[in-house]
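Those protein sequence lines, which keep their order, are chains F and E. One point on numbering: in my numbering, the residue at position 93 of the first sequence is 93, and numbering is uninterrupted. One point on numbering: in my numbering, the residue at position 224 of the second sequence is 224, and numbering is uninterrupted.
In case anyone wonders, no lab produced these hints; they're calculated from the structure. A virtual CB, placed ideally from N, CA and C, is assigned to each residue, including glycine. Accuracy of the hints is not assured; some may be wrong.
[Stated by the list, open to error] Cβ-Cβ distance ranges computed for the label pairs, FRET-style:
{"no.": "1", "chain 1": "E", "residue 1": "486", "chain 2": "F", "residue 2": "78", "range": "45 to 53 Å"}
{"no.": "2", "chain 1": "E", "residue 1": "295", "chain 2": "F", "residue 2": "78", "range": "28 to 36 Å"}
{"no.": "3", "chain 1": "E", "residue 1": "241", "chain 2": "F", "residue 2": "133", "range": "27 to 35 Å"}
[Said to hold, decoys possible] List of simulated lysine to aspartate or glutamate pairs, DMTMM-like, C-alpha gap at most 25 Å:
{"no.": "4", "chain 1": "F", "residue 1": "132", "chain 2": "E", "residue 2": "198"}
{"no.": "5", "chain 1": "E", "residue 1": "433", "chain 2": "F", "residue 2": "79"}
{"no.": "6", "chain 1": "F", "residue 1": "12", "chain 2": "E", "residue 2": "164"}
{"no.": "7", "chain 1": "E", "residue 1": "499", "chain 2": "E", "residue 2": "223"}
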Amino acid sequence: MSHESPSGKPDKKHIGGELIIPVAGVVFAIYYFSTIIDSPFEAQVSAFFVGTILMALVAVFILKSAISVIRGEADLSMEILLSARSFLPKRLALFALTVAFIIVVEWGGFTLTTFAFLALAMLLLSNGRNLKFVLILAASLAIGGYLLFIVAFHTRFPFGPFEHLMNRVL
Amino acid sequence: MEFNPALFIDLFAHTFTYWWVIIPAIFLGLVVGAIPGFSAANTIIILLPLTLAMDPEMGLVFMVALYASSRMGAGIPAILVNIPGTAGAAATPLDGYPMTRAGRGHQALSISFVSSTAGGLLTTIIALLAMPWLSQVAYYLHSVEMIVVMLFGISLIASIAAKDTLKGLIAGFFGLMIGSIGADVIYATPRGTMGFLELYDGVPLIPALVGLFAVSEAFIVIEQRSIMSEEGQKLMEEAGWAETWEGVKIAGSKWWHITWTSIIGLIIGVVPGAGAGIAAFVAYQQSRTFSKTPEKYGTGHVEGLVAPESANNGVTSGTLVPLLVIGIPGGATAAIMLVVLQYHGVTIGPDLFLTAPNLAYGPFAAMAVTYAMLIPLIMPLARYMSKVTVISTTYMTPLIISFTLVGAFVSRSYVFDMYLALAFGLIGYIARKTGYHVAAILIGVILGPMLENYFLRAMRMSQNDIMVLFSSNLGNVLWVALVLSLVFPYVLEYRRKQKRALEARGETPVRGK
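Make a model of the complete structure from these sequences and hints.
Right, here's the structure in full:
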């Protein structure tokens, strides 16, 4: 993750992103400890054991990172996470669509919501090209999923207007 | 339970007459195994009206065929798109997916099919012949011994961490912390649940699996047109039957590897509750430990694919042993089989082998026949299945996200589980982008709660005496084996380095030195 600059000097490593998982781990471990503080010893020992090792590992990692930063070999930028910047807007839009999918599928049902999500996400990723193909593909996949999972396997997929209507028709 | 060749020949011939039940069950099992959130157990529950209506022998054949093929099905998406169908296939993508990315997806599938079939068939035969002895394994492996077995699985984190030890260990212990979420088994105190009632039973595995592998991968692959490199795509387009056959030959050359890793699966499968997830991780870890080329693991190494696939199929026959001999199911699917048999008035236990040998030995015969039928049925499909990897990520990504998220919903019908999968997706995305291994996190999530349960039990029984961990002979033998398996790779590596250094200086290494 370090590159060489045109001057021949190696670029700094961008280690800001690498600290997210360790910091998240420590924050979670502290929160976890707070929930077991009143528990009997038996219920605490395993978590304290695992959590303490995690914290020790993270302390070593942070120390190593701090030494790299002080020596000027690394900086705390989040460049690793934001690499391939041109895809960032698409990625964020896809994430928003995914959240919307989860919110809507509860009452919109599997088939309609999946169709809408597939069509919108495919159009987003293809920059709006092949509209007809995308719509046909999204519809086929959503209906295929409905037939396979709900009709054939009787799976407990989220039900919505389409599934209720089909239940009455079939 | 004496060995009677005539009975077995008759039994196998009789089981083959159920081909019309086995073939549809195989295809159904392959489909449900390949979809995250579905499992053989869920499918058998859904199809209970059908199996209860069949006579007990036919019902058993159907359930066993579905169970065995679903295990193989779970490896297909793990290899092709980095999404394990079940936790049992969670170690499969470690080397299966890099093979696909290199354009060797069809070959990886052939290797997986042969390893699964050979491992499954071999352990079925061993289980059939050694049933009286194997059934005793569960009696010897108590909480203390199981703690060591779990540690064998968890030590895979150290293997994964070999490339970047500190990051690998942080990922693994972060996973173990996440795996500790939920109410503890003795006092039922909620821990780390953030107030979510849905987490009181612990972190459900399917959302973790879906998020860490599928969702995170989907958000990363959108940077490329295809999951494969250009060279890989070329290879895939040019691939023919010869490459599929090559995969069969490669797997065949690893027969010894298949044998011992599937036996690991069989032994772990016999222990109720241990499951295919831990067997696959233990087998992978042991395979890497004793390999001459451990550095190749994780880069698309054949043995790294053979080990988990053989082991998780070895578990399949192992789970049936305690069910049939002592009436204790070794897993969820075996438990449902027990329910079906009891519905038909069949009493499980040693007497069954005398009163109804067809029923007692039948499941193993059905499993062997299923594995024998699997290869000719599935092998021709490997080439076509692998074509899924050439589909553009423009269409593949939304499909993976929507279908796997709904898969996360299926097991408990909680919308919460879809949000949980998305949260794991975010963790997985950050982990992948910043060089942490998602498999290390998953190992922690899978094995963490199991380890804690056995640990709590051991502490409870010993009244908090930590020395209980070294109180049994078998446990101590396992401890020594664990330490040796951790130290062994470093000793080997040291010797290799010494040998290379001597060769570099133009000296011939002396034997024994």
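Starting from the range 27 to 35 Å, see whether the pair residue 241 (chain E) and residue 133 (chain F) falls in it by beta-carbon distance. 31 Å, holds
Pair hint outcome, residue 499 (chain E) versus residue 223 (chain E) [Cα-Cα no greater than 25 Å]: The hint is violated at about 43 Å.
Within 25 Å, alpha carbon to alpha carbon, are residue 132 (chain F) and residue 198 (chain E)? 41 Å, violated
If you draw a straight line from the CA of residue 12 (chain F) to the CA of residue 164 (chain E), is it 25 Å or shorter? 19 Å, holds
Taking the CB of residue 295 (chain E) and the CB of residue 78 (chain F), does the distance hold inside 28 to 36 Å? Taking Cβ atoms as reference, residue 295 (chain E) and residue 78 (chain F) lie about 31 Å apart, which means the hint holds.
Between residue 433 (chain E) and residue 79 (chain F), is the straight-line Cα distance small enough, at 25 Å or below? 10 Å, holds
Lying within 45 to 53 Å: is that true of the beta-carbon distance residue 486 (chain E) to residue 78 (chain F)? 35 Å, violated
The structure fails hints 1, 4, 7 (numbered hints given earlier, in ascending order).
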